[in-house]
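Listed in order, the protein sequences are those of chains Y and R. Read the first sequence against numbering that gives the first Met the number 0 and you will find it ends at 422, with the numbers running on by one and no gaps. Read the second sequence against numbering that gives the first Met the number 0 and you will find it ends at 422, with the numbers running on by one and no gaps.
Each hint should be verified, as a subset may be incorrect.
Same chains, same label: a pair holds when it works inside one copy or across any pair of copies.
As the list claims (entries may be wrong) - Computed list of lysine-lysine pairs in BS3-like fashion (alpha-carbon distance at most 30 angstroms, straight line):
1) K204 - K296
2) K204 - K247
3) K234 - K247
4) K234 - K296
5) K204 - K235
6) K235 - K247
7) K204 - K234
No wet-lab data here; the hints were simulated from the structure.
2 protein chains.
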Amino acid sequence: MFPLAAPQVHEALSHPLAVFLLQLITIIVAAQLCGWAMRRIGQPAVMGEILAGILLGPSFVGALFPAFNAFVFPPASLHHLQMLSQVGLVLFMFVIGMELDLSIIRKKARSAMLISNISIVVPYALGVLLSFVLYERYCPPGIPFHAFALFIGIALSITAFPVLARIIRERGLAQTRMGSIAIISAAWGDIAGWCILAVVIAIVKASSVSSSVVTLGLAAAYVLVMLLVVRPFLKKLSTEKTNDRQVKRSTIALIFVVLLASAYGAEVAGIHALFGAFMAGVIMPLEWNFRHLIISKIEDVALVMLLPIFFIFTGLRTQIGLLSNPSLWAVCLLITLVAIAGKLGGSALAARIAGESAHDSLAIGALMNTRGLMELIILNIGLDLGILSQEIFAMMVIMALVTTFMTSPLLSLLERVYGKAKE
Amino acid sequence: MFPLAAPQVHEALSHPLAVFLLQLITIIVAAQLCGWAMRRIGQPAVMGEILAGILLGPSFVGALFPAFNAFVFPPASLHHLQMLSQVGLVLFMFVIGMELDLSIIRKKARSAMLISNISIVVPYALGVLLSFVLYERYCPPGIPFHAFALFIGIALSITAFPVLARIIRERGLAQTRMGSIAIISAAWGDIAGWCILAVVIAIVKASSVSSSVVTLGLAAAYVLVMLLVVRPFLKKLSTEKTNDRQVKRSTIALIFVVLLASAYGAEVAGIHALFGAFMAGVIMPLEWNFRHLIISKIEDVALVMLLPIFFIFTGLRTQIGLLSNPSLWAVCLLITLVAIAGKLGGSALAARIAGESAHDSLAIGALMNTRGLMELIILNIGLDLGILSQEIFAMMVIMALVTTFMTSPLLSLLERVYGKAKE
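Work out the full structure, taking the sequences as your base and the hints as a guide.
Have a look at this one:
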């Protein structure tokens with residue numbers, strides 16, 4: 000009797016919705032398991048989710064059990080995952096933007112600004128230098144040197160604000176001077192990094208100098224509209240609604256429309272939709288007492304269901320097998336070392352110059368060195384734009400994993416050597 | 000200078016992500032505007048969202064401004080909307096399942112059960128009779144009569160539990176005897192309707208009698224696993240966690256996995272993924288004090304962003320232009336009248352037999368006659384399965400709109416004639 004059902008069950012198994020559901024199940028389970036395993040060894044859960052992506056990709060599960068990957072992740076089905084992961088990133092960048100409290104940045108810490116700026120400039124400069132080594136052999140054809148160098152600079156100088164914030168919270172450093180300097184520096188670095196990225200994308204996408212000027216003009220117009228029209232409009236709305244404790248459905252719809260329109264405007268202007276989402280988060284009025292309510296609503300769905308999709312999607316694109324000979328691994332090591340020297344070294348140096356103690360300076364450097372998710376987002380943009388080859392992409396992913404992984408042990412080590420950070 | 004930018008902006012406009020963002024913006028804005036307009040004339044907002052879908056579809060905006068629809072909804076992009084609307088429906092059916100409180104059904108109201116059963120049987124029987132009229136001329140070739148008749152029966156006997164619940168709440172009827180009878184009847188009707196639908200899908204999808212037996216066997220096995228394995232497992236978990244007020248991220252992940260796995264199991268077993276999602280909601284332990292927390296988390300994202308996508312998607316499939324001659328409109332009228340006679344008449348009759356007053360009986364009939372969203376979900380399943388032709392689909396959508404639209408005015412009329420319902 001059962002064989003009769005076989006073709007019909009088989010057909011049901013390959014129905015797009017069934018495939019998609021199975022993908023979501025696989026992704027959530029893998030992300031949770033790896034996240035749990037990472038927390039056991041003192042790493043942030045997000046580290047595990049990223050690892051889950053790499054493990055499920057062609058480098059491990061795909062190589063060991065190709066039938067499994069062909070069944071769960073058939074190539075034709077991946078565009079749904081890609082679109083959904085984009086939606087997840089849009090929501091995520093929006094939350095990140097909302098979590099930035101610009102007033103704190105303004106109030107506090109000339110020294111944080113100094114550290115932040117130096118901690119971008121140093122790795123950026125090292126990244127540009129590194130490009131001279133990489134460009135000849137690893138840059139895809141047709142990409143001019145300046146675009147490649149500008150992009151590698153960003154890839155080395157970005158900090159994972161969310162991962163850093165979570166590490167600081169989990170280690171109880173949020174109230175320390177060192178912790179708040181690191182958070183402010185990372186926040187400012189995020190803004191600066193994404194602005195530079197927007198410029199780079201505008202330059203890369205434009206076919207000629209004059210059209211890149213147009214794109215930059217459009218981008219500037221977009222930013223001005225957001226700051227001078229949308230922001231005051233929302234602020235005016237927010238003062239009317241401050242008394243409501245419940246968020247109305249029409250307000251949620253309005254916020255979604257602002258978010259989506261900003262992402263759309265940024266994408267069409269020639270900078271990236273994610274920059275638009277981030278920008279929409281930043282301009283949300285702080286007075287709005289339900290900013291945190293919106294965050295809590297979006298966060299769980301976006302972080303539990305959609306972000307792991309992005310990690311898996313990144314993992315499925317990462318072919319560590321491409322690094323097939325020692326010289327490629329040597330380049331990978333070089334990239335990682337330059338990244339660490341630039342970000343950890345640069346930040347620590349800047350903190351020392353700004354008058355922080357030796358321990359605090361090194362700890363700030365260690366924290367700023369966390370690349371995490373942000374790096375992966377930027378690497379995917381680079382791969383999509385054709386600036387990064389598959390090899391460089393894989394190397395950079397490994398660099399992101401290593402620098403994210405080393406933060407927690409490094410902080411523990413510093414604590415053992417210097418004693419706990421002071422309040 | 001600007002013409003130089005034209006090709007590159009044009010390219011950005013047709014990037015899949017840009018198209019998708021524009022679709023989401025259009026959908027949310029249209030749904031909110033129409034929802035607002037409907038509330039102004041005393042209709043539930045969901046009525047407006049459904050109308051927005053029809054308006055944006057080929058019947059109105061598509062016919063008047065074909066360039067707009069070709070730009071915003073190019074056919075090649077629709078599968079993303081379809082997939083996302085499926086995800087939205089999965090989340091929605093899960094919430095519906097969770098909102099059903101089976102213990103209330105058990106406690107209360109023999110009469111509600113009687114009303115519920117009669118209010119399914121009468122329109123179902125009328126639907127089967129109607130099929131004799133429709134089958135020859137409007138059934139797509141290759142569909143056997145019994146499958147067509149069984150499906151039309153369901154299409155006429157379904158009630159929109161969520162719309163009904165919202166109307167009852169908005170009119171302050173939730174505490175009246177009449178209101179609670181209507182809610183319980185609709186809830187029980189939902190369960191019965193979806194179970195019958197699962198059987199019908201199993202029969203239609205199976206190519207032969209023996210394989211439909213296999214599908215029914217698989218479906219029964221699936222239901223048994225959910226009730227006898229998954230439910231006790233969750234119940235055991237819930238007693239451990241009752242004290243937590245905050246929902247842990249791992250718990251949310253677990254709930255998503257149960258939901259997705261149930262949807263997947265139902266889809267693969269040959270009944271529909273939405274039945275699986277509904278079932279997963281029903282078996283969530285009631286003791287779990289964060290059942291409502293999960294609902295609140297899912298509801299806003301799912302209802303504001305994803306459900307309107309489903310309505311638009313339905314609207315894009317609804318070609319009212321197909322009803323091009325008076326005889327087709329006559330058939331459409333016949334379907335609508337039979338649907339009203341069966342559901343409104345059947346429920347009112349049953350309520351009167353159960354001893355309710357004349358006003359309450361008619362009001363219960365009017366409430367049960369609300370087809371709303373549920374009907375559209377079922378019609379889409381019918382269209383996907385090939386049971387419904389485009390013509391029947393369009394007629395049935397109109398029937399759903401008419402029966403949903405008439406509920407509020409009818410209740411107001413009854414109030415004016417008989418006076419307000421008693422507590």
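For each hint, the structure was consulted:
When the C-alpha separation of K204 and K296 is checked against a cutoff of 30 angstroms, the pair qualifies neither within a copy, at 35 angstroms, nor between copies, at 39 angstroms. For a Cα distance limit of 30 angstroms, the shortest separation of K204 from K247 qualifies neither inside one copy, at 40 angstroms, nor across copies, at 43 angstroms. When the C-alpha separation of K234 and K247 is checked against a cutoff of 30 angstroms, the pair qualifies only within one copy, where the shortest distance is 17 angstroms, while the shortest distance between copies is 33 angstroms. Taking CA atoms no more than 30 angstroms apart as the test, K234 paired with K296 passes in both settings, with 21 angstroms inside one copy and 25 angstroms between copies.
Neither within a single protomer nor between protomers do K204 and K235 lie at most 30 angstroms apart by alpha-carbon distance, with minima of 36 angstroms and 56 angstroms respectively. Within a single copy, K235 and K247 get their C-alpha atoms as close as 17 angstroms, which meets the 30 angstroms cut-off; across copies the closest is 36 angstroms, which misses it. Within a single copy, K204 and K234 get their C-alpha atoms no closer than 34 angstroms, and across copies no closer than 55 angstroms, so neither meets the 30 angstroms cut-off.
The structure does not agree with the numbered hints 1, 2, 5 and 7 stated previously, though it agrees with the rest.
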